[in-house]
Amino acid sequence: MGREVIRRVLIANRGEIAVRVIRACRAAGLGTVAVYSDADADAPHVMAADRAVRLGPPPAIESYLNVGALIDAARSSGADAVHPGYGFLSERAHFAQAVEDAGLVFIGPSADAITRLGSKTGARRLMEAAGVPVVPGATSDDQSDAALMAAATALGVPLLIKPASGGGGIGMKTVRSLDDLATLLPQARREAQAAFGNPTLYLERLVERPRHIEVQILADADGRTVHLFERECSAQRRHQKVVEETPSPAVTPAVRARIGAAAVRAAETVGYRNAGTVEFLLEGDGDDARFYFLEINTRLQVEHPITECVVGVDLVRAQLAIAAGQPLPWRQEQLTQRGHAVECRIYAEDPGQDFLPQAGPLLRYREPSGPGVRVDSGVVEGGAVSVYYDPLLAKLITWGESRTESLARASEALSRFEILGLRTNVAFCAAILRHPDFVAGRIDTGFLTRELATLTARPALAPEVAAAAAWHAAQGAAGPQGAGPAATAMADPFDTLRGWRS
Amino acid sequence: MNRRVRVSTGDVEHDVDVAADGLVTIDGTPYRVAAAGAGRYRVTAADGTASLVAVAGPPHALWTVTGGQAVEVVADGSPHRRSAPRAGETGMTAPMPATVVRVAVAVGDRVDAGAAVVALEAMKMELTIRAAKAGVVRAVHCAVGDLVTPGTPLVEIDG
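Heads up: the protein sequence lines correspond to chains A and B, in order.
With the first sequence counted from 1, adding 25 to any position gets you our numbering.
With the second sequence counted from 1, adding 714 to any position gets you our numbering.
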């Protein structure tokens, strides 16, 4: 494959990932084009780019999912490549195709690879044929309740119902009794249709107490493929990851070699190019642990930074180079892991109310920083979190020479994260990091659900907090304008000095 | 000039005495509060232990955070009482912005406590709204396809 010239990249996304991709493009000397909906006109990703193009009204279907508007934006802004980020259109083959048809470079795998891997059933068949281990499962061209119930009966419970073209755990249902199928099948079908536009369902044996282990891969245009080791993503809730780490405390060097080789084989089987993630379930312990292929995510993952920290590679930079037709600069044996990294996903959600997504103003938003601390975020103080998009505010990533050190850095950094104006899961993340099972590395994908009551316990009102609140309120009430935000702002004399403090 | 401020989280209330020099007393225990710049206060206990607390928002809806732990409080230093707690936490109102995907009851239906009455969809997830009590449906305020916002009444039941 020849070299493509990339000079200006349109980032077809928003939030932290758009900001992160824009920074990598700028570091590579490339121009950047942000896109935005009316809800995001002043968003950080818009401010970060060289230029910005409006897509449409706030609903994603009219903006970030609007293929026509995105292609028009790329053309009108003179972009020659498109980075899809994650979510939105990143794993839609028709988008990758539309980008290529417009004469632009899609920074990701080919539309054909996305199509073949986008169907869980198709991907599974491909991997089975290539000798990559898979979880026992069943699909059927006949999607009637009767056919699916027969398939479920043959597999036995517990099992999972999955949307065939799904991802991110959306629409997945656990079946513990065959009697529940009558209710769960129509519900799963409806959610699959709503989320992915395809009601086809897939059934799979539920591996009890598995770990979720995924392997980062990179493949260049000539098909040279390497893996960048595993990520442990077992701390998830309703199949949404919350805390990820690498290396996994459960993966031994022998298993690491086997799972890495399996991931490379999986990618090579489909002629994969660019960055991707091969997801596995891991069952059992030690060198005898078994792993099963789940799926290949044909995009950059939310949790990619922990791999970057430990392997010392900028994955977005690598994506840009691969898309430009450059060969991978390393061989497998040149890639090594150093130390340990952990990521906490900071969501606008209320752990005390079943993690309901929260919207509202960011009255205060201060990120921690320091050695080994990285925050990828897409929000700023004074901004607002809207109801229209994913409630991910930021990702806190910490690195340390050892797992103990990176977890300690994460806990310390979380204690300095200040987000006021809407509820977040910061304290929930901190509770996970200090839970004895997590500290011991003894978790599986059911950990968060089992320990939810412990992890979401509300703390008592500390007297120091009451003291600060009372003082703050008293200052405001004593002010010339009475109680209120304008008056309370006057309580802090240093605020007025802000102008000349460096 | 001392002021008395009632600080409440909904579960817990403290009556706090605030002196003009930053001496704050809670149930007889003194704390020293000093502005620490940029919206933070340094609160020092009698034994010298200090913590930084960031505070934002108006007194009737204050947000505080210390040690990564955010707490919402009402700080009432005026004669009027604060308004009633937010409605809808247990009632049959929409808890978040969502689309109505199913309405399982009609006016006149008898429902048991906990029965599914409405299904909402938001962020690609379904959420079932259940009857807060047993009774007869008096009113249905939503239809399939409606966009609802937090606090929108969905169904009313006479117990």
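FYI, nobody ran anything at the bench for these hints, they're computed from the structure.
Idealized CB from N, CA, C, for every residue including glycine.
Don't take every hint at face value.
Okay, the calculated bits of chain A under chain B, using three or more residues with CB under 8 Å as the criterion [unchecked claim]: (1) 215–229; (2) 388–394; (3) 440–449; (4) 480–494.
Chain A is nowhere near these chain B residues, computed Cβ spacing over 10 Å in every case [stated by the list, open to error]: (5) R717; (6) A829; (7) A846; (8) V850; (9) G859.
Which chain B residues face chain A? A few, computed with CB under 7 Å, are given here [stated by the list, open to error]: (10) V757; (11) A760; (12) C856.
Item to complete: Check each numbered hint from earlier against the structure, then list the numbers of those it violates in ascending order.
Response: 5, 11 and 12
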